[in-house]
Amino acid sequence: MNRPSWRRLLATVAPGAFWLVVFSLLPTLLILYASFLQRGPHGWLSGPLTLVNYARFFGISSSGFDPLYLNILGRSFLLGIVTTVAVVLLGYPFAFFIARSRHKNLLLLLVVLPFWTNFLIRVYAWIVIFQRRGVLNALLTYLHLPTLHLYPSWTAVYVGTIYTYLPFLILPLYASVEKVDWTLLEAAYDLGAGRVRGFWHAIFPQTLPGLVAGVLLVFIPALGTFVISDLLGAGKAILIGNVIQQQFGGSRDWAFGSAAAFVLMALVLLGLWLYARRAGESGMGELL
Amino acid sequence: MSGRRLLTLHGVLVLLFLYLPIAVIVVLSFNASKYGVQWHGFTLKWYAALLGHARIHGYVTNSLIIATSSTLIATVLGTLLALGIHRYRFFGRGGLLFLLYVPVVIPDIVMGVSLLLFFAWAQNYLRALHLGLGTVIVAHVTFQIAYVTLVVKSRLAGLDPSLEEAAADLGATSWRRFWKVTFPLVWPGIAAAALLAFTLSLDDFVITFFTAGPGSTTLPIYIYSSVKRGVTPEVHAVSTLMILVTTMALLGVQRASNRR
Amino acid sequence: MKKTLLALLLLLTPVLARGELRIFNWSDYVPEEVLQEFSKRYDVRIIYDTFESPEAMMAKLQGGAVRDYDIIVPPDYYVAELARSGLITKLDHGRLPNLKNLYPEFQDPAYDPHDAYSVPYQWGTTGIAYRKSDVPGGVDSWAVFFDPKAYVGPFLLLDEMRETIGAALKYLGYSLNDTNPDHLEEAKQLLISAKKRGMGFADSVGARSRLLAGDAVVVHNYSGDIFAIKDEDPSITYVIPKEGGTIWVDALAIPAQAPDLENAYAFINFLLEPKVAAAVSNYNRYASPVKAAEPYLDRDLLFNPAVYPTPEVRAKLEFIHDLGPATQLYDRIWTEVKAR
Chain A
1 MNRPSWRRLL
11 ATVAPGAFWL
21 VVFSLLPTLL
31 ILYASFLQRG
41 PHGWLSGPLT
51 LVNYARFFGI
61 SSSGFDPLYL
71 NILGRSFLLG
81 IVTTVAVVLL
91 GYPFAFFIAR
101 SRHKNLLLLL
111 VVLPFWTNFL
121 IRVYAWIVIF
131 QRRGVLNALL
141 TYLHLPTLHL
151 YPSWTAVYVG
161 TIYTYLPFLI
171 LPLYASVEKV
181 DWTLLEAAYD
191 LGAGRVRGFW
201 HAIFPQTLPG
211 LVAGVLLVFI
221 PALGTFVISD
231 LLGAGKAILI
241 GNVIQQQFGG
251 SRDWAFGSAA
261 AFVLMALVLL
271 GLWLYARRAG
281 ESGMGELL
Chain B
1 MSGRRLLTLH
11 GVLVLLFLYL
21 PIAVIVVLSF
31 NASKYGVQWH
41 GFTLKWYAAL
51 LGHARIHGYV
61 TNSLIIATSS
71 TLIATVLGTL
81 LALGIHRYRF
91 FGRGGLLFLL
101 YVPVVIPDIV
111 MGVSLLLFFA
121 WAQNYLRALH
131 LGLGTVIVAH
141 VTFQIAYVTL
151 VVKSRLAGLD
161 PSLEEAAADL
171 GATSWRRFWK
181 VTFPLVWPGI
191 AAAALLAFTL
201 SLDDFVITFF
211 TAGPGSTTLP
221 IYIYSSVKRG
231 VTPEVHAVST
241 LMILVTTMAL
251 LGVQRASNRR
Chain C
1 MKKTLLALLL
11 LLTPVLARGE
21 LRIFNWSDYV
31 PEEVLQEFSK
41 RYDVRIIYDT
51 FESPEAMMAK
61 LQGGAVRDYD
71 IIVPPDYYVA
81 ELARSGLITK
91 LDHGRLPNLK
101 NLYPEFQDPA
111 YDPHDAYSVP
121 YQWGTTGIAY
131 RKSDVPGGVD
141 SWAVFFDPKA
151 YVGPFLLLDE
161 MRETIGAALK
171 YLGYSLNDTN
181 PDHLEEAKQL
191 LISAKKRGMG
201 FADSVGARSR
211 LLAGDAVVVH
221 NYSGDIFAIK
231 DEDPSITYVI
241 PKEGGTIWVD
251 ALAIPAQAPD
261 LENAYAFINF
271 LLEPKVAAAV
281 SNYNRYASPV
291 KAAEPYLDRD
301 LLFNPAVYPT
311 PEVRAKLEFI
321 HDLGPATQLY
331 DRIWTEVKAR
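Residue numbers (this note's numbering), protein chains in the order written: chain A, 1 to 288; chain B, 1 to 260; chain C, 1 to 340.
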């Protein structure tokens, strides 16, 4: 880590930083401002500045505490966590599979290729798989197994979410796994470590930067999902993303929608900050 | 079963999982039923309809222009950003790192609306950034940068710094050092990042919708609107064609590189 | 670097060609032949951009797209608001001689008196669709969703806040624009129990697919969407419940700062021509507000009471009004229904 010359800093950081400040920070500040306004009579924003949107979100009103939105937020976090765990279980070995294959580039492209078709169409395809007279039940019947009623259900929502975010883990993870130094594993074996211990101490730490990046790129967007829960959960499964979507859609209350979005953002950034502080010493905080 | 075999088995199962919905889409694109999900017999009429649908060609072109240019810009900016953040300590570094996460955490619709408001403001006061292909590219780059930077940075983390130092000791200029030493080491990370960025761009609907102007409708915008109106077989056909064309291109590249 | 900048600048510059008509509409809502015919006759290039929800269209207009389009197609309940916020032009009826082709009731609709700001394009209703083969007794009331005793099989409600709360209000005998909190509370309880009994909520196309696939036997849906699938499965039937339902109109309007007024008026007037209006309705399978189109309409469309309801049924239909700040009441109930 160096103290840089201005020229180098300008050449590397400045363009990206400028871009983010202009096109990300400024628009976000506009939305922060909107979260302190109210829905106008014509569905547009109007003043004066107020905290009612936040009070509404946290369920604080004259009639007492009501955790409606907080419960929904909790459900979103649960979905995010379960999805992330499942994606890691599927994606972690797969990154090694790619890295150790002779056709790395082809496999890498095969991972993203399905995602070049449209998201909505892919989610609809899962309905066709899960519906009562769908692909899955046809297969189960063929195998003389009892059929399942998976559409609509939380199971379907989870499968759809895991499916959607899998490549977001595999790609960064692969970038780490690909440069793993396998000689360390042999050294560990030489020192008498078993296969599991050897992997855990020699290989796993090397993949950690990619894993952390991947986990963040899965967990954070999964928190805001709404299309998948709408379609595969038949609207029975409401998440924080649906609440926000509804405010910018049918309810046209941009102010409340902005407030809800800000609570979500603040929680995530706070979590990242806490993680960075705790992980700082081990060097993993560097990722943040 | 050996570990190696187990790994391959797992790999094949994951690929099956990834391609199961794609198989469904391909099959449905040959389904004679216009609205249903029941099999009504084989047909090619949706492909024929597609050929005559000039507007769809325009939407596909728009999508490709946007995805290609935004990925190029974002990959360059993001890689530089990752290098700078990885190497240097400077004032505002922490803030910049958090700023990177904003496009990842902010829900699409909020980002779309905030950019729309921002562009409207810029149009009113600066007479710049009229809604069109340009604003869509700007918006895409904004969310892509974050993903590119994070992926490249994870590759840089733990990269052996002694290699660069050695090159410096040998008197290589910083540009040469980057090009000859760092770049080849980071390359897989950059490629993975660019792939992710391209995929995100091709798939995005919400942010694109809010930042698009007249004539910059993309394939996802058209598809969302079509699906909401229930016109799906052509959409299945477009999806199938896109998969087919890219697969063929990939196989071609693969064969060409094998021959070398 | 300079070259990229130049390229970027070029991309940012709007293309201002003469004779261009920019339409912002649902996808495939105007048949391609109709667009081509207009394009030929008036020598204009047509740019057809699409949206997937009226709210998204509203957001874009409010965000500045008001100077980008010549024609937009808002639903009835946004026309008044668009007019009040100055986002659409007051129409010059002198430039729309074909307005006389409309049915009298569409020359003076409740949502936009005297068609001052908009011209009806297509119209329809919201009601119930069911599989006759699975429900031999038929369905004639919202009770099929809201009364456990009237349950006939798996059902889906529309995932549209106003439509679905509106259906419950109609079943209870209230207006679907009711803002009385007690009435809304009753509707909420009905919806929560209906949600538990049924399969859940879906958009109109999703619900329709479930009906076709046989997962659901009854669904809450739009008339045109159901009529379009008649050929796929003749046993699917659409009814307007005896308590009444929603009537809706998709209207044509001109944004306040439309770049090409001339062609915008020409296009609206063109769509009111009898043969053109008939071609549109025959394609979309929705009812046409153009009376003069009757002779050219498909017979099975014109004489279908689900598409052109009888006057008695018409009397029981209501338009959805924009409720302004009271929308928050609906939103609250909708979230609770979804969350419980």
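Hints were generated in silico from the structure; no laboratory data involved.
Some hints here could point you the wrong way.
Unchecked claim - Pulled a few chain B residues facing chain A out of the computed Cβ check, cut under 10 angstroms: (1) 23; (2) 27; (3) 50; (4) 53; (5) 81; (6) 88; (7) 99; (8) 117; (9) 157; (10) 188; (11) 199; (12) 223; (13) 232; (14) 243.
Where a beta carbon is used, it is the ideal one built from N, C-alpha and C, also for glycine.
Each hint, compared with the structure:
1. 23: holds (8 angstroms)
2. 27: holds (9 angstroms)
3. 50: violated (14 angstroms)
4. 53: Hint on residue 53 of chain B: violated, closest Cβ of chain A at ~16 angstroms, above 10 angstroms.
5. 81: holds (3 angstroms)
6. 88: Interface hint status for residue 88 of chain B: holds (4 angstroms vs cutoff 10 angstroms).
7. 99: holds (5 angstroms)
8. 117: This hint holds: residue 117 of chain B lies near chain A, its Cβ roughly 5 angstroms from the closest one there, short of 10 angstroms.
9. 157: It holds, given that the least Cβ distance between residue 157 of chain B and chain A is near 4 angstroms, below 10 angstroms.
10. 188: Constraint on residue 188 of chain B satisfied, holds at 5 angstroms.
11. 199: holds (5 angstroms)
12. 223: holds (5 angstroms)
13. 232: Interface hint status for residue 232 of chain B: holds (7 angstroms vs cutoff 10 angstroms).
14. 243: holds (6 angstroms)
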